[in-house]
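> Taking the hints into account, I'd like the entire structure generated from these sequences.
One line per chain: the protein sequences are Y and R, in this order. Heads up: the first sequence begins at -17 in my numbering, then just goes up one per residue. Heads up: the second sequence begins at 105 in my numbering, then just goes up one per residue.
No lab work stands behind these hints: they were computed from the structure. This list has only true hints and no planted wrong ones.
Going by beta-carbon spacing under 7 Å, a handful of chain Y positions derived as facing chain R:
1. V110
2. Y154
3. V161
4. G162
5. T165
6. L166
7. L169
8. Q170
9. L189
10. H192
11. A196
Ideal Cβ placement from N, Cα and C applies to all residues, glycine included.
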Amino acid sequence: MSVQYAAIGWNPQKRAYDLVMVFGIGLYLAVFLGASALLHPSATAETLIIRGCGSCAFLLLSIVLCIGPLCRLDRRFLPLLYNRRHLGVATFVLGLAHGGFGIFQFHALGDKDPLVSLLVSNLRFTSVADFPFQQLGFLALVILFLMAATSHDFWLRNLTPPVWKTLHMLVYGAYALLVGHITLGLLQSERHPLLAVGLGASIAAILGLHLAAAIKEKSVDERLPQSGSAGLVMACRVDSIEEKCAAVISLRGERIAIFKYDGKISALSNVCRHQNGPLGEGKIVDGCITCPWHGYQYLPETGASPPPFTEKVSTFRTKVIEGVVWIDPDPLSPGCRVEPSRVS
Amino acid sequence: MIQPLRRIHWRIVLGLSVLLPILFFAGLRARHPKLTGKAAKETSSAGAQNAPENSARQAARQEVDR
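Following this line, the structure appears as structure tokens:
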């Protein structure tokens, strides 16, 4: 069984996203290089490019890491999430330019292979002031390369979403390596307080946003549903669900989205098959549950995508008793049809 | 399916909440040992050993910049 490759489906939103991204990067580099040339007239062009590309890559990575929790806290940030992988690929390209110029400037034209020189020239791992920070940056670049190379949906389907998502969570390792790279590298030779303040602000923003989003999400997981007869579990009241929207509950470690539409109730897994988006935060459009992240759709009765698409999510049996939705916690196989409960 | 990833995600964030500030302040302290008196005493002997290496490192960087 193989997964067919499908090229990127460009659309106006992606083009606009990339245009803004490229313009932003160009503007940042222009301002940085211009200001650096004025403040450090003795610096060479290669040095300015190394610093410009490196700082831009780190700034971009910080923005990428903030997008996830921001979307959890405020849905208005969702448009930034849709093509976040483009920012990630741009981060890698800038990091590659930074690393490439750095290797050429500091390790080329010697008697050793530049890459070997990068890895073995400094092995003072016991010193903080002289720590081999370049190796940290190299490792971070390897991680960013792996992520950029597997950013296409082809790899998402080939590797399966959980494996792909686990691989892409290495972004946190890359960020930690880059914090080490900057702290033990640039900050050891530069005295300007703005650099330390900027790095500290990045760390504080990313950690603060993640913790805030985690606290908000935890409140959903900690609500314990009440058990009833015949193994059913009380989910929520029917009138607490908006029309064509869903209520999300947490059951046995997984989230379930309960949709109300046309006087009926259906329940299915909250996790989109595409990129694990929260289906319960979506709406029913043209009779299909629509994922808010990338628009993947599922029929509420079966949890299957309308043809010709083949994605399926698990469904759950439901019952409506006196205005309360009860749910069977055992999931049915993905795509299994469940007769929706009628709202009396 | 997704819950184990959320648990891992949470643990990563907690781990980074501890690791990153330690890394950041350790690097700052190595660069600015005079910020705290204790740091100054501890680094005075280590700093004396590292001083020639640091100076050579900075001189090499300045040479490259020129």
